[in-house]
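Based on the hints, put chains B and C in the right spot on chain A.
First to last, the sequence lines map onto chains A, B and C. 1 is the number of the first residue of the first sequence in our numbering; add one for each residue after it. 1 is the number of the first residue of the second sequence in our numbering; add one for each residue after it. 1 is the number of the first residue of the third sequence in our numbering; add one for each residue after it.
In case anyone wonders, no lab produced these hints; they're calculated from the structure. Note that this is a predicted model, so its numbers are computed, not measured. Glycine included, each C-beta is placed from N, C-alpha and C at the ideal position. Some hints here could point you the wrong way.
Said to hold, decoys possible - With the C-beta cut set under 8 Å, the calculated list includes, among others, these residues of chain A facing chain C:
1) Met40
2) Val121
3) Tyr125
4) Val126
5) Ala129
6) Ile134
7) Phe208
8) Leu211
9) Val224
10) Leu230
11) Thr231
12) Gln232
13) Lys235
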Amino acid sequence: MQSRVRKLVVYVLAILSCVIFLLPFLIMITGSLQDKYFFMGAPSQWITQPLTLTNFKIILSRPHILRWFINSAVISIIPMITTVYIGALLGYIYAKKDFVGKTVTFWLFLSMIMVPMQSYVIPRYVLFAKFNWINTYWAFLIPQAWDIVYFFLLKQYMVSIPDSLIESAKIDGASEMAIFHRIILPISKTSLAIVAVFTFISRWNDLFYPLLFTTNARMFPMTVGLASLLTQGGKFSFEMAGTVINFIPTFIVFILMRKYFVQGIATTGMKN
Amino acid sequence: MDSDPSLQPLVSGGAIVRNRLDKWFPYLVVGPIFLHFTLFYLGPFLTNVIMSFMDWKVVGDSTFVGLANWGRLFRDPILWQSLKITVVFSLYYVVPVIALGLGLAMIVNSGLRGAPLFQAIYFLPVVTSFVVIAGIWVWIFSPEPFGLVNQILAFFGLKPQMFLASRQQALGVLAGLSIFKAAGTAMVYYYGGLKDIPLELYEAGKIDGADGLKTFRYITWPLLKPTTLFVLIFITVGSFQVFDSIYLLTGGGPSNATTTIVHQMYLHGFVFFNLGYAGTISIVLMLIILVLSMVQNVLVKYDY
Amino acid sequence: MRTRNKRLVLMGLVLALILGATAFAAATELTIWVHPFLGPDRTDEEQVMWDNYAKGFTAETGIKVDIQSIPWANREQRFLTAFSAGQGPDVFYLIPDHLAQFADQKFLADLNGLISPSVLDDFYPDVIDAVYMGGALYGIPILQTVWGWYYNLDLLKQAGWNTNELPTTWDELLEMSAMVKKNTGLYGLSMTLANYPNMTYFPHLWQAGGNVLDAKDNVVINSPEAIEALAFMRKFYEEGLVPRDSLISDNQFGLFAQGMIGATFGDNLTATVLDDEADFEWVIGPSITHKTSATYGTIGSFVVSTYSKYPGAAAQFVEYFIRPENLEIFLKATGYFAPRAALADLWANDSDISIMSEQAKNVVPGIIHPKSRDISQLVMPILQGVVGGEMTPEFGAQEMERQIKELMGQ
Chain A
1 MQSRVRKLVV YVLAILSCVI FLLPFLIMIT GSLQDKYFFM GAPSQWITQP LTLTNFKIIL
61 SRPHILRWFI NSAVISIIPM ITTVYIGALL GYIYAKKDFV GKTVTFWLFL SMIMVPMQSY
121 VIPRYVLFAK FNWINTYWAF LIPQAWDIVY FFLLKQYMVS IPDSLIESAK IDGASEMAIF
181 HRIILPISKT SLAIVAVFTF ISRWNDLFYP LLFTTNARMF PMTVGLASLL TQGGKFSFEM
241 AGTVINFIPT FIVFILMRKY FVQGIATTGM KN
Chain B
1 MDSDPSLQPL VSGGAIVRNR LDKWFPYLVV GPIFLHFTLF YLGPFLTNVI MSFMDWKVVG
61 DSTFVGLANW GRLFRDPILW QSLKITVVFS LYYVVPVIAL GLGLAMIVNS GLRGAPLFQA
121 IYFLPVVTSF VVIAGIWVWI FSPEPFGLVN QILAFFGLKP QMFLASRQQA LGVLAGLSIF
181 KAAGTAMVYY YGGLKDIPLE LYEAGKIDGA DGLKTFRYIT WPLLKPTTLF VLIFITVGSF
241 QVFDSIYLLT GGGPSNATTT IVHQMYLHGF VFFNLGYAGT ISIVLMLIIL VLSMVQNVLV
301 KYDY
Chain C
1 MRTRNKRLVL MGLVLALILG ATAFAAATEL TIWVHPFLGP DRTDEEQVMW DNYAKGFTAE
61 TGIKVDIQSI PWANREQRFL TAFSAGQGPD VFYLIPDHLA QFADQKFLAD LNGLISPSVL
121 DDFYPDVIDA VYMGGALYGI PILQTVWGWY YNLDLLKQAG WNTNELPTTW DELLEMSAMV
181 KKNTGLYGLS MTLANYPNMT YFPHLWQAGG NVLDAKDNVV INSPEAIEAL AFMRKFYEEG
241 LVPRDSLISD NQFGLFAQGM IGATFGDNLT ATVLDDEADF EWVIGPSITH KTSATYGTIG
301 SFVVSTYSKY PGAAAQFVEY FIRPENLEIF LKATGYFAPR AALADLWAND SDISIMSEQA
361 KNVVPGIIHP KSRDISQLVM PILQGVVGGE MTPEFGAQEM ERQIKELMGQ
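Isolated chain A (complex conformation) (with noise of 0.2 Å):
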């Protein structure tokens, strides 16, 4: 009897939550739909117009819109994937290895996951000037090919890994690499989704960092080039067409990752 009182709160709470939760994305798809300039909170005033595909027809009608959307997924795919595998790669020599100067550069890369974006922009423009990496994707894939805050995510949870798996494997000869690739990796799978969701997800909405290396409308990643269509004055309807457009990839990257997290972190593939 008590568990199907907790049951019903818990299913209370969940819904309520759920409403909650959903009441921007809402708010998204009818704006999109119309064809606004201005947003007004109330719900009666969600929908005030006809229902119409104009803005999702410019958008995609665009002449750059393809290579928006290919800008975006090779600075979004790549960093993901090389952000998961260096990432689990220095996590797993700070988690398990030691050697001289480990104290030093963990502390070193730690200090520096403080610093704002702000901060290193100036610097970088002039140095990707210098190579010649302005409007290219090398801009992008090359210094964010690993990502400081997941390096120390995967370093926390590879800590756990019981040190006998990886005693085993040296007593029959396996190196390194093979520890890292046959071991380390299939046991981490859990934690290494989660990075892998996470980054795509911040490199495909960032505005900021490609509005300053990228000047070419052929370069531009979906965010910027959304960004160039809007009048100093914008216009919502547009804007959430745009949005709508742009969130369709993170929410399926998110659906086909989730099927990772079913299992727990840092005992996935403990369970034989």
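Coordinates of chains B and C only, in the frame set by chain A:
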């Protein structure tokens, strides 16, 4: 060799050579990465350090000004206010977002029907652009009586509130926005952490007569400590860097009641073109979190 | 994913990588950065317009131009980062605040030797003032805006205000607002204090006869006129005649378009938006006069970067663009006012905004000083404090003076 047969494929010829290489393994990996780090992170940061001692001009010659920027920083009341505001923001933000993330994760983990759907919905704000969520949040918390929250308050007989237009309430509303945006992230981490807890422990607890609250306190929460530690650091760093919501929604107002330290850094660097002073602020920011991280690290050592 | 699919994806990515990495080495001679002046539904039209300018110029001079439309958002940061590396466009667009600052930072080329002086002969004097600094010419104006009061006639009628006599004085603005509030419960005026003071405080300051800096750049913002203007604005907020989010709002057009405000301060482009969004009768009212009839208006200019490799060609392009027959196309498409007398009758037939072009002579384009943006950022919080009732107008004016003096090293 009576080793585990599943590991057999790992053995191959040249194992002796490989072992020697393996001694250098950490250096082979960390070396190039550290170089990359120096070029793209440390280098730019050190440039800021140098700029902080100069009156940095983009065109023309910059002059060395010694500690002038630092002196100005210590005498700058708005900057100290922004520091205080950033700390207060963190207090409003860090604990609630962790609590909400954990709560949502527990709902999703509770085995209800439709849990995957709930999880997807809770994750929606994370995936949606911040500009959109912020714009919508502004209207939900509009000071006008027709704002959504004010309408709800009216239902309970309360007066409409000023929210972002009030010096007292603005920071809280902004914190709420960040909580809303980040809860899904915390939820994902906690969900993974929850999945780590062996079901047998829960059963053992039930046998011992533990109810919901006791289970949480003595089983769930302690076993979530590693997750909590990571989320805590991750969220704290994010909260000290809060900028977008201030830039978009209040411009630092009303009357500088919501300007944060990164907002000040942005103003001085990108609006006033005082790059030297902005560099100084970024160093202060870095030092703050370095100290905080060390403190959190020590706390963890004692906890374990 | 199966291995074969994985390989396909990998190949696709590598291909895209190669395509992108061989950047756009198209060797155009001039790079011009403009911004989207027309809305998303007219993007194609805008593209054609710029293409025609490029083609026309190339046909005449043989110089190739690449006109890029870049986002409005964060454009100063873009310029800053580009210039810090010695890069950036040859020609780009700035408003007076930025122009003064960029000129001071030595980002802009002096056009004095690069264009024939007679080119600017029929440009309005105050417009030219905004682009000259210390004897050097830093920009060529290409457009003007005028800010004026838009009135919701239906709402005013409902409140009982005689719409044949729209407000022309401070007292009338107050009266009208009080009437709207009393008889309809809605708001009288818009007030967007998170926006630059050019659009909020300074017009009233100028109308009162005051200013921020005098002709010699001395700080004169602490004056009886300033206190009067501050008290005037405070009154509106105190009596609830402006929307409740006024202290942190930077845009209340939405509220106005919904019919919730009696009058809003807007420029000529607001008319386009209202045409679409407002379902009530609206009109642009006459100038507001206290001691003067001053109002704000911005001046958009093309400027040439000091890093341009072809400053002569760049100046040539700007000269080409501002020829009356060419400039007319741009202005007609975007809805802006002309900065030169040759196009004075551009909007004579448009009843909606022709009244605004008459008010153009009263325009003050803001504070022309390299530190004007800094000044605005200092003024805003204090203004919010005064209007919100946290400090008296006297103290507010004093604080502004103190902080601005400190900023200017006086």
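Hint check results:
1. Restraint check, Met40/A versus chain C: the minimum CB separation of about 6 Å is within 8 Å; hint holds.
2. The criterion of a C-beta within 8 Å of any C-beta in chain C is met by Val121/A, whose closest approach is roughly 6 Å, and the hint holds.
3. Hint status for Tyr125/A relative to chain C: holds, with the closest Cβ pair at about 4 Å, below 8 Å.
4. For Val126/A, the shortest C-beta to C-beta distance to chain C is roughly 5 Å, which falls under 8 Å, so the interface hint holds.
5. Given the 8 Å rule on beta carbons, the hint for Ala129/A holds: about 3 Å separates it from the nearest Cβ of chain C.
6. Because the closest C-beta pair between Ile134/A and chain C is about 7 Å apart, less than 8 Å, the hint holds.
7. Satisfaction of the interface hint for Phe208/A is found here, the shortest Cβ-Cβ separation to chain C being roughly 7 Å, below the 8 Å cut-off.
8. Evaluation of the Leu211/A hint against chain C yields a held restraint, the C-beta minimum of about 6 Å falling below 8 Å.
9. Because the closest C-beta pair between Val224/A and chain C is about 7 Å apart, less than 8 Å, the hint holds.
10. At about 6 Å, the closest approach between the beta carbon of Leu230/A and any beta carbon in chain C falls short of 8 Å, and the interface hint on this residue holds.
11. Because the beta carbon of Thr231/A sits about 5 Å from the nearest beta carbon in chain C, less than 8 Å, this interface hint is met.
12. A distance limit of 8 Å between C-beta atoms decides the matter here; for Gln232/A the minimum to chain C is near 5 Å, and the interface restraint holds.
13. The beta carbon of Lys235/A comes within 6 Å of a beta carbon in chain C, closer than 8 Å, and the hint placing it at the interface holds.
Of the numbered hints listed earlier, not one is contradicted by the structure.
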